[in-house]
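Model the full assembly from the supplied sequences, consistent with the hints where possible.
Spelled out, the chains give:
Number of protein chains: 4
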Amino acid sequence: MKTIGIGIIGAGRIGRLHAENLIRMKGVRVVAISDLFPEPAQEWAASIGIPQVSGDYRELLQNEAVDAILICSPTGTHVDIITEAAQAGKAIFCEKPVSLELERTFTAIEAAEKAGVPLQIGFNRRFDPNFRKVKDYIEQGRIGDIHSVKITSRDPNPPSPDYVKSSGGLFLDMAIHDFDMARYLSGSEITEVYAVGGVLIDPAIGEMGDIDSAMISLKFKNGAFGSIDNSRKACYGYDQRVEVFGAGGCLTADNDFSNNVRLFDGSGIHSEKPKYFFLERYSASYVQEIDDFLAAVRGEREVPVQGRDGLQAELAARAARISLLEGRPVKISEVENAIKEAAAQ
Amino acid sequence: MKTIGIGIIGAGRIGRLHAENLIRMKGVRVVAISDLFPEPAQEWAASIGIPQVSGDYRELLQNEAVDAILICSPTGTHVDIITEAAQAGKAIFCEKPVSLELERTFTAIEAAEKAGVPLQIGFNRRFDPNFRKVKDYIEQGRIGDIHSVKITSRDPNPPSPDYVKSSGGLFLDMAIHDFDMARYLSGSEITEVYAVGGVLIDPAIGEMGDIDSAMISLKFKNGAFGSIDNSRKACYGYDQRVEVFGAGGCLTADNDFSNNVRLFDGSGIHSEKPKYFFLERYSASYVQEIDDFLAAVRGEREVPVQGRDGLQAELAARAARISLLEGRPVKISEVENAIKEAAAQ
Amino acid sequence: MKTIGIGIIGAGRIGRLHAENLIRMKGVRVVAISDLFPEPAQEWAASIGIPQVSGDYRELLQNEAVDAILICSPTGTHVDIITEAAQAGKAIFCEKPVSLELERTFTAIEAAEKAGVPLQIGFNRRFDPNFRKVKDYIEQGRIGDIHSVKITSRDPNPPSPDYVKSSGGLFLDMAIHDFDMARYLSGSEITEVYAVGGVLIDPAIGEMGDIDSAMISLKFKNGAFGSIDNSRKACYGYDQRVEVFGAGGCLTADNDFSNNVRLFDGSGIHSEKPKYFFLERYSASYVQEIDDFLAAVRGEREVPVQGRDGLQAELAARAARISLLEGRPVKISEVENAIKEAAAQ
Amino acid sequence: MKTIGIGIIGAGRIGRLHAENLIRMKGVRVVAISDLFPEPAQEWAASIGIPQVSGDYRELLQNEAVDAILICSPTGTHVDIITEAAQAGKAIFCEKPVSLELERTFTAIEAAEKAGVPLQIGFNRRFDPNFRKVKDYIEQGRIGDIHSVKITSRDPNPPSPDYVKSSGGLFLDMAIHDFDMARYLSGSEITEVYAVGGVLIDPAIGEMGDIDSAMISLKFKNGAFGSIDNSRKACYGYDQRVEVFGAGGCLTADNDFSNNVRLFDGSGIHSEKPKYFFLERYSASYVQEIDDFLAAVRGEREVPVQGRDGLQAELAARAARISLLEGRPVKISEVENAIKEAAAQ
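Just so you know, the protein sequences line up as chains A, B, C and D, in that order.
For the first sequence, the positions run 41 to 385 when this note's numbering is used.
For the second sequence, the positions run 41 to 385 when this note's numbering is used.
For the third sequence, the positions run 41 to 385 when this note's numbering is used.
For the fourth sequence, the positions run 41 to 385 when this note's numbering is used.
Quick caveat, the hints were computed from the structure, so don't treat them as lab data.
A portion of the hints provided could be inaccurate.
Identical chains blur together in the list; that is why a pair holds if it fits in one copy or across any two.
Unchecked claim - Pairs of lysine to aspartate or glutamate residues, derived as EDC-like cross-links and limited to a Cα-Cα distance of at most 16 Å, are as follows: (1) K173 x D120; (2) K315 x D296; (3) K66 x D185; (4) K315 x D305; (5) K42 x E104; (6) K66 x E83; (7) K173 x E312; (8) K205 x D242; (9) K154 x E124; (10) K273 x D185; (11) K273 x D305; (12) K205 x E247; (13) K315 x E376; (14) K66 x D331; (15) K66 x D294; (16) K173 x E99; (17) K136 x D120.
Here it is in structure tokens:
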């Protein structure tokens with residue numbers, strides 16, 4: 041079996057995380073990494089055996105030893121890189137969201153489809169052992185037809201105002217994972233979104249035109265309902281839970297904890313808070329999503345999270361934004377048609 | 041301390057439950073019970089020492105030994121009985137809802153207020169040890185300002201079509217408890233309701249013009265959000281949970297179980313389903329609500345669930361019904377104004 | 041079905057508890073209660089409708105309306121009362137232990153057997169919903185052959201030195217419940233006991249010649265092992281758990297809690313301590329044991345905890361005492377033979 | 041900081057596990073691995089970048105690039121290798137037990153002490169996040185003086201008869217981890233052991249002269265008690281729990297699970313069995329123990345598990361064996377003195 045050559049675009053936190061996971065995997069080699077500012081990554085790259093650090097991602101696309109690229113650069117660069125990488129015939133893994141502009145997401149997905157290259161979107165939570173087990177049970181029919189999906193998704197701390205400014209807002213930056221999870225677990229498309237939300241935590245987020253708290257109501261094509269509960273700050277840590285209720289039962293997935301010790305004392309019973317944040321909580325999922333991507337590159341399986349999955353989640357996020365602003369439920373088809381019309385012009 | 045004389049109107053399941061709880065309490069005596077069909081209740085009443093079973097509730101209202109009445113008769117009779125009991129100067133405990141017609145609920149509450157008699161509505165779940173503990177923690181400031189309230193409320197089995205027909209529908213019959221719980225826990229008024237729902241369980245319920253599943257989104261006056269998740273059938277039993285999230289923490293109350301044994305075997309870990317239904321799950325709350333009512337009758341405390349609480353929950357249920365039918369969020373003030381206008385005509 | 045007339049001997053805490061439970065049961069009537077000091081019990085007895093309070097238990101034994109007696113007087117009186125009650129043909133329920141002197145326990149049991157009257161010993165924990173469920177699973181063969189039984193039994197607070205003095209010591213006063221539970225759950229006889237223990241909590245207990253902490257190792261006739269862990273003071277409340285391990289699985293029964301609320305905050309997750317003490321924790325078991333006793337009195341079933349069960353637990357307690365004092369494992373047969381020899385002399 | 045050169049002796053399961061963990065660590069390099077049968081390890085070693093595979097461990101001891109060795113060869117070879125490695129001035133990490141012959145354990149420990157080289161014993165469970173947290177709380181004084189330590193330690197499946205034959209028996213092969221845990225958590229020395237045990241699972245184990253089930257009672261120097269519960273087969277998986285009870289509270293550490301999903305259905309609530317066996321359950325601990333060993337080699341800290349710790353656990357295991365055979369509690373000092381006398385002859 042041929043060793044897969046990987047090029048990583050973007051040497052920030054998530055790019056490095058993927059790199060460090062990749063060097064432990066078999067049948068794959070990180071050929072090169074690129075970053076607009078390559079200098080600070082040099083030493084780190086050398087220490088884990090990445091031979092080349094480039095200042096220009098195009099060098100990776102032109103490198104014949106690179107079979108697949110991981111796009112870990114800022115969201116604004118995704119569409120161009122996907123398009124160019126597709127033309128260069130590389131398999132593509134791209135962090136979410138594809139784009140903050142839905143019209144451009146279409147373009148990128150079409151480029152990949154036209155070129156016939158695999159395109160996987162980085163919805164890593166699908167690969168979390170808890171949520172994957174929930175999905176397994178659903179697929180085994182253990183809870184029958186699904187009636188509702190409820191997602192609790194709270195960060196331990198709000199992002200900096202700077203981050204918020206370029207993030208696309210709570211729905212596109214944070215809830216997008218939950219929209220994807222809702223689609224993944226329900227096995228159905230979201231058809232309507234109604235969002236209530238506001239600034240309950242940090243006025244600075246409000247000043248950026250964003251919100252920090254939301255409760256989102258969903259309708260699915262298969263008749264099920266959903267709800268997503270988002271907060272930018274849960275003082276007890278990263279709160280990531282799902283519940284799926286069906287005709288034959290109910291499935292719950294709880295948070296993960298760094299230990300399970302319980303202390304019984306005169307004031308009650310005490311245990312550890314959930315794991316702090318996504319790097320700790322979802323560490324296994326970051327490995328698994330790349331494992332599955334590599335298998336898809338080898339042609340052993342379908343890409344597990346397709347470009348169209350990225351698009352659907354972005355449509356839901358856009359619908360949530362409109363819903364919040366206009367105080368009404370918004371159909372996904374309404375957003376989709378508007379995008380298509382805009383794209384047609 | 042004078043012994044309180046109680047008259048119970050309605051000798052059905054809930055009337056008998058209250059009677060059997062009352063005979064174990066101190067400082068109170070069940071003087072009489074009435075039922076349109078008094079015959080079947082005779083033997084039971086004698087066996088627990090209730091001296092009189094009447095076919096006409098008015099006999100209880102005229103009985104000077106009756107200080108307080110418990111209205112456990114069908115919903116359609118509540119308003120008239122409240123009005124007459126208020127005029128007779130009796131303290132009143134009335135099962136929920138006060139009425140299926142909001143305009144008449146107004147009338148009844150005003151009658152009690154005008155007469156200056158205590159009127160308590162039977163939202164027993166406020167007295168559940170779990171939910172009361174959640175409320176206590178909130179009042180102690182343990183989770184700071186409240187950001188969201190989430191309620192899971194699923195019955196183990198759908199009611200009979202006959203029951204559904206006269207029930208007022210899922211929102212007024214079932215979710216009304218949850219609207220009250222949402223107000224109780226948030227410490228704030230519901231200002232807007234958006235409901236999605238449908239018939240996922242029993243087509244017969246749909247034929248009655250009702251739904252059996254719903255997901256309700258709430259806005260509260262204090263800026264918090266809420267969600268209520270209702271189902272008429274959870275195959276694993278009565279599912280009654282709440283979660284309150286605030287700036288300083290999160291509170292969860294789980295289901296109750298008849299034992300806590302865990303069986304570890306080759307196929308996993310297994311434990312008991314939640315307690316079957318409300319009589320088992322909420323047995324302690326039925327005692328506590330009457331205890332508190334008796335204390336209010338004695339003037340030792342405020343009535344814990346007032347007539348206005350009954351009204352607010354009914355307003356939310358009505359708003360949910362409109363929301364479902366019209367596919368839009370509905371403000372409580374819109375419903376309230378419409379009721380007031382109707383009442384004014 | 042004839043109403044059973046009950047006489048209660050001893051109007052202390054446990055006598056009153058049984059009385060208050062009995063007045064809520066059907067087909068039974070508390071005819072009289074006796075206490076060496078009848079005065080303080082008069083008002084209480086009247087308030088719950090017990091017509092007679094006597095200063096002499098013999099009046100109860102002579103009362104033809106009394107079908108069964110509950111012996112709730114101090115341990116030192118049990119044997120005489122059992123013997124006399126048996127002669128009077130009364131069905132007998134006796135609190136544990138039958139006696140602090142094993143030789144006399146024999147006598148009492150023989151008296152009851154000779155008279156052919158039912159004799160039930162008050163090992164109420166067998167009737168706890170958790171432990172009973174464990175037993176049910178075992179009897180259903182859910183964990184196959186039993187390999188070990190582990191019991192955790194810790195009180196929330198040590199008894200007063202006065203109580204300790206007349207208690208018979210930790211093994212006979214406290215661990216006796218656990219010896220019975222070990223027999224009940226294992227479905228086998230204890231054959232050997234090895235006890236380590238000491239005074240870790242309250243030197244005053246040591247001054248009385250007793251211990252306050254112990255770890256007891258058991259062998260059962262069926263080849264299984266056991267361990268009992270006793271403490272007179274668990275600062276977090278009454279700790280009552282069992283674990284039974286078998287070839288086909290493991291069963292655990294946890295403590296009971298007054299609510300199941302969890303508080304998540306910046307310092308972790310917090311929940312309630314176990315229920316405080318036996319009156320709260322075992323309230324259901326006190327009702328159930330009398331229910332089953334009444335059924336036995338009616339001839340509907342066997343006495344669920346026989347005199348011989350009381351004896352076996354006392355033999356184990358005696359063996360534990362010898363083991364602790366002599367620092368060696370002690371066979372139950374050794375103790376039994378010694379008792380029989382002593383009785384024969 | 042100088043890179044530490046590691047030589048691994050033994051390329052079986054545990055040797056390879058350490059090797060694969062080491063290649064991910066910083067500041068350390070696996071220089072060579074040896075095995076009596078080097079052939080089968082060649083390809084594996086090459087794939088993870090170990091430059092040399094030797095058939096003779098002495099080559100590693102003579103290799104100047106090797107600063108520290110990991111002894112992962114069969115128990116029978118430990119003492120000789122420790123002695124020679126100490127003479128060669130290498131830092132030593134040795135899997136447990138040091139030896140099946142206590143007299144030789146003495147010799148090995150003395151050799152390391154005389155040479156002044158660090159010697160760490162592979163009691164990896166001390167480094168498990170759960171048990172370490174329990175220890176942390178104890179050291180913080182969160183439960184005050186310790187009264188008892190209870191350890192549940194059950195394997196998912198019995199070893200093969202071949203393995204049993206050379207294992208040293210249940211106490212020295214399996215319970216030895218628990219003896220170490222008991223010492224670690226109690227912070228005190230075991231002074232007396234009483235063991236009951238037998239063959240409840242696999243007669244083949246009995247034919248080898250070993251047992252497969254045991255319940256061990258412990259006394260500690262500080263007055264606390266302990267109990268260890270061992271089984272070679274828990275059909276629901278690897279059962280590894282501890283409980284430490286003290287004057288100020290109680291600490292429990294539960295099993296670990298591969299996910300936390302709960303399935304509620306008509307038959308109850310179901311969740312996953314514990315992780316299967318030590319490689320899954322204790323994976324983090326194998327990394328952490330080597331991390332701490334490397335820190336000790338660098339002189340940054342004390343060796344966390346010393347040779348004397350290995351010895352004490354072996355003394356307890358020997359005492360348990362004698363206790364089982366002779367049916368009496370055995371003092372550690374009795375075993376220790378016997379060993380010293382034998383060593384003196």
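Evaluated hints:
1. K173 x D120: Answer is neither: 35 Å inside a copy and 48 Å across each miss the 16 Å cutoff.
2. K315 x D296: both (6 Å within a copy, 15 Å between copies)
3. K66 x D185: neither (39 Å within a copy, 46 Å between copies)
4. K315 x D305: between (23 Å within a copy, 13 Å between copies)
5. K42 x E104: within (14 Å within a copy, 38 Å between copies)
6. K66 x E83: between (23 Å within a copy, 13 Å between copies)
7. K173 x E312: Classified as between; 10 Å across copies, 23 Å inside a copy.
8. K205 x D242: within (14 Å within a copy, 48 Å between copies)
9. K154 x E124: For K154 and E124, the Cα distance is within 16 Å only inside one copy (12 Å; across copies 67 Å).
10. K273 x D185: between (34 Å within a copy, 13 Å between copies)
11. K273 x D305: between (29 Å within a copy, 12 Å between copies)
12. K205 x E247: Close inside one copy (10 Å), not across copies (51 Å); limit 16 Å.
13. K315 x E376: Classified as neither; 37 Å inside a copy, 45 Å across copies.
14. K66 x D331: within (10 Å within a copy, 24 Å between copies)
15. K66 x D294: neither (32 Å within a copy, 34 Å between copies)
16. K173 x E99: neither (40 Å within a copy, 48 Å between copies)
17. K136 x D120: The answer is within: 14 Å in one copy meets 16 Å, while 57 Å across copies does not.
Hints 1, 3, 13, 15, 16 from the list above are not met by this structure, while the remaining hints are.
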